[in-house]
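Undergrad: Each chain, letter by letter, is given below.
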Amino acid sequence: MARLDRPLIAVLVVFGLLALVPVYAVAFQQPFYLSLFARVMIFALAAISLDLVLGFGGMVSFGHAAYLGVGAYAVGILAYHGVDSALVQWGVAILASALVALFVGAISLRTSGMYFIMITLAFAQMLYYLAVSLKAYGGDDGLPILKRGSLGPINLASNVQLYYLILGFLALFLYLGHRVVRSRFGRVLEGAKWNERRTIALGIAPYRYRLVAFVLSGTVCGLAGALLATLTTFVSPSYMAWTRSGEIIVMVVLGGISTLTGPVIGAVVLLILEEILAKLTIHWMLILGPILVLVVLFARRGLWGWIVGRHG
Amino acid sequence: MVEPLLEVTGVVKRFGGIAASDGVDLAVATGECHALIGPNGAGKTTLIAEIAGELSPDAGRIVFDGKDITKEPAPRRPRLGLARSFQITCLIPSFTALENASLALQAHQGHSFRFWRDARRDSSLRDPARGVLARVGLEDRADIPVGELAHGEQRALEIGLALALEPRLLLLDEPMAGMGPADAARMVGLLEGLKGHVSILLVEHDMDAVFRLADRVSVLVYGKVIASGRPEDVRADPEVRRAYLGEEG
Numbered sequence: 001m002a003r004l005d006r007p008l009i010a011v012l013v014v015f016g017l018l019a020l021v022p023v024y025a026v027a028f029q030q031p032f033y034l035s036l037f038a039r040v041m042i043f044a045l046a047a048i049s050l051d052l053v054l055g056f057g058g059m060v061s062f063g064h065a066a067y068l069g070v071g072a073y074a075v076g077i078l079a080y081h082g083v084d085s086a087l088v089q090w091g092v093a094i095l096a097s098a099l100v101a102l103f104v105g106a107i108s109l110r111t112s113g114m115y116f117i118m119i120t121l122a123f124a125q126m127l128y129y130l131a132v133s134l135k136a137y138g139g140d141d142g143l144p145i146l147k148r149g150s151l152g153p154i155n156l157a158s159n160v161q162l163y164y165l166i167l168g169f170l171a172l173f174l175y176l177g178h179r180v181v182r183s184r185f186g187r188v189l190e191g192a193k194w195n196e197r198r199t200i201a202l203g204i205a206p207y208r209y210r211l212v213a214f215v216l217s218g219t220v221c222g223l224a225g226a227l228l229a230t231l232t233t234f235v236s237p238s239y240m241a242w243t244r245s246g247e248i249i250v251m252v253v254l255g256g257i258s259t260l261t262g263p264v265i266g267a268v269v270l271l272i273l274e275e276i277l278a279k280l281t282i283h284w285m286l287i288l289g290p291i292l293v294l295v296v297l298f299a300r301r302g303l304w305g306w307i308v309g310r311h312g
Numbered sequence: 001m002v003e004p005l006l007e008v009t010g011v012v013k014r015f016g017g018i019a020a021s022d023g024v025d026l027a028v029a030t031g032e033c034h035a036l037i038g039p040n041g042a043g044k045t046t047l048i049a050e051i052a053g054e055l056s057p058d059a060g061r062i063v064f065d066g067k068d069i070t071k072e073p074a075p076r077r078p079r080l081g082l083a084r085s086f087q088i089t090c091l092i093p094s095f096t097a098l099e100n101a102s103l104a105l106q107a108h109q110g111h112s113f114r115f116w117r118d119a120r121r122d123s124s125l126r127d128p129a130r131g132v133l134a135r136v137g138l139e140d141r142a143d144i145p146v147g148e149l150a151h152g153e154q155r156a157l158e159i160g161l162a163l164a165l166e167p168r169l170l171l172l173d174e175p176m177a178g179m180g181p182a183d184a185a186r187m188v189g190l191l192e193g194l195k196g197h198v199s200i201l202l203v204e205h206d207m208d209a210v211f212r213l214a215d216r217v218s219v220l221v222y223g224k225v226i227a228s229g230r231p232e233d234v235r236a237d238p239e240v241r242r243a244y245l246g247e248e249g
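Sequences listed follow chains A and B, in order.
At position 289 of the first sequence the residue is numbered 289 (the numbering used here), and the sequence of numbers has no breaks.
At position 42 of the second sequence the residue is numbered 42 (the numbering used here), and the sequence of numbers has no breaks.
Calculated from the structure, these hints are not laboratory results.
Everything numeric in this text was worked out from a predicted model, so none of it was measured.
Note that beta-carbon positions come from the ideal geometry of N, C-alpha and C, so glycine has one too.
Warning: the hint list may mix true and false statements.
Only some residues are given here: those of chain B computed to face chain A with a beta carbon under 7 angstroms [as the list claims (entries may be wrong)]:
no. : residue
1   : PRO78
2   : GLN87
3   : THR89
4   : CYS90
5   : ILE92
6   : PHE113
7   : GLU153
If you anchor each label on the Cβ, the simulated ranges turn out as follows [stated by the list, open to error]:
no. : chain 1 : residue 1 : chain 2 : residue 2 : range
8   : A       : SER238    : B       : PHE115    : 53 to 59 angstroms
9   : B       : ASP68     : A       : ILE9      : 58 to 64 angstroms
10  : B       : GLN109    : A       : GLY309    : 32 to 38 angstroms
11  : B       : GLY31     : A       : ARG208    : 31 to 37 angstroms
12  : B       : ASP118    : A       : LEU12     : 43 to 49 angstroms
13  : A       : LEU12     : B       : GLN109    : 54 to 60 angstroms
14  : B       : PHE115    : A       : LEU12     : 32 to 38 angstroms
15  : A       : LEU36     : B       : ASP118    : 34 to 40 angstroms
16  : B       : ASP215    : A       : ARG208    : 35 to 41 angstroms
17  : B       : ASP118    : A       : LEU292    : 29 to 35 angstroms
18  : B       : ILE88     : A       : ASP5      : 47 to 53 angstroms
19  : B       : PRO73     : A       : PHE103    : 49 to 55 angstroms
Here chain A stands alone, though its shape is the one from the complex (with noise of 0.2 angstroms):
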């Protein structure tokens, strides 16, 4: 039994360390703490909607940055505009990234494998030089944004406040996206990712139900990227860019694929790893490489499957 709650106790870990973060960053005067853990939960959060369709669906999107800069930029359009209300700006945000996504889905969905990949891969850059193109908005140079939105009774000036927001976030959707995949639809769209062929036998068309998670998957991760924006009050077409879809995936792949937790751990070990290597030298991505092909070959499913042995 003991065993069993490993996953659970793994989670609870995680998140209990998470949420230790501002009392440290406050007790020790290390704002750069909570900025630095804002972040990589919300690029777990990205890695979390990424393992939907890929982990479980078997699409391999390697266009997810665009829903983060499509959140991003609606966060940092409707600021310039002086709309503040933050449930009006991440509104948007979560609207738009969700008609992008069922866009880009509607047309993706109908390749698969390499054309899949390199389909989402040329939305995402369509995307990313549009950005560049929008000279009101800063064009290469990105959009500041004045201040954070309002929030109600919810101070998002406060990085504490904001910090715990983005932290209940992420459980909120992790929680989500485990009802989500052991529900009906979830296992619709595993049963398809293994074998299309059967599940069309069944009666079943898998194009739909992919369709419904792909556009699910770009909503929370645009949601991320409305996050994004608020954390770091800046926007810039960088958040699109196809290296930053790439480390999604890497995040995904790191922390263990169709497993929803092993991305948040993907995204908090490759984000401070980097962090850390940066530090000691220019050259990180060096000793960042050889880490991550260890892990992929020698942790089957990764950082997770090693943490929760065979129960994840």
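Based on the hints, put chain B in the right spot on chain A.
TA: Same frame as chain A, now just chain B:
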């Protein structure tokens, strides 16, 4: 004459220069077990794929239960009462036997846009799924990933998944493929138990099984049905003997 449950008329399917179906005419009556035999490469699997909707014929008509389904997309056909099994086992390998059966029931119960309830703890899926496994003798193997099931058990589950859809016509593509004598005997027993409950179109190489199970037999050679009738008549047909049975020795 009573209208047949399935009527295939003049179906043609070409792959390059080869006509896998070259004007196939075939009728399956309600309630019968109709065997489709023929040498390798005769186009049997192609015909099953056309009836199931996986392949679209270049010409001809497929009418099921009075409805022209020639252009009906494959995923809609199980809803109409057509279910198939595959010649090469086609299951979801990482799912357990019970999960495979549950997925079939999910499909049968309607759409799966349900996002909240845990499907594995859903008694409206689990209970009938266990029933399906019991029908094909796999009730004790429910929680084993199908990739770890023995070949004969996987073949039985193939039939189970089709049965879970409560079809009116079961399309069975070589259910005994690759089986040893003991498994094959068990499969024949299973199929005998289905006779009368569901109409069956059975593609099979095992002649003993065909002559035990079939009410009628059609012989497909080079994409054409060259004979159709009661098993003993077909067996006696000189053209069939020349084209097919002779080769078997």
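Undergrad: Now look at each hint and say whether the structure bears it out.
TA: Status of the hints after comparison with the structure:
no.: 1; hint: PRO78; in the structure: holds (3 angstroms)
no.: 2; hint: GLN87; in the structure: violated (12 angstroms)
no.: 3; hint: THR89; in the structure: violated (10 angstroms)
no.: 4; hint: CYS90; in the structure: holds (5 angstroms)
no.: 5; hint: ILE92; in the structure: holds (5 angstroms)
no.: 6; hint: PHE113; in the structure: holds (6 angstroms)
no.: 7; hint: GLU153; in the structure: violated (16 angstroms)
no.: 8; hint: SER238/A / PHE115/B: 53 to 59 angstroms; in the structure: violated (34 angstroms)
no.: 9; hint: ASP68/B / ILE9/A: 58 to 64 angstroms; in the structure: holds (59 angstroms)
no.: 10; hint: GLN109/B / GLY309/A: 32 to 38 angstroms; in the structure: holds (35 angstroms)
no.: 11; hint: GLY31/B / ARG208/A: 31 to 37 angstroms; in the structure: holds (35 angstroms)
no.: 12; hint: ASP118/B / LEU12/A: 43 to 49 angstroms; in the structure: violated (20 angstroms)
no.: 13; hint: LEU12/A / GLN109/B: 54 to 60 angstroms; in the structure: violated (36 angstroms)
no.: 14; hint: PHE115/B / LEU12/A: 32 to 38 angstroms; in the structure: violated (25 angstroms)
no.: 15; hint: LEU36/A / ASP118/B: 34 to 40 angstroms; in the structure: holds (36 angstroms)
no.: 16; hint: ASP215/B / ARG208/A: 35 to 41 angstroms; in the structure: holds (39 angstroms)
no.: 17; hint: ASP118/B / LEU292/A: 29 to 35 angstroms; in the structure: holds (34 angstroms)
no.: 18; hint: ILE88/B / ASP5/A: 47 to 53 angstroms; in the structure: violated (40 angstroms)
no.: 19; hint: PRO73/B / PHE103/A: 49 to 55 angstroms; in the structure: violated (23 angstroms)
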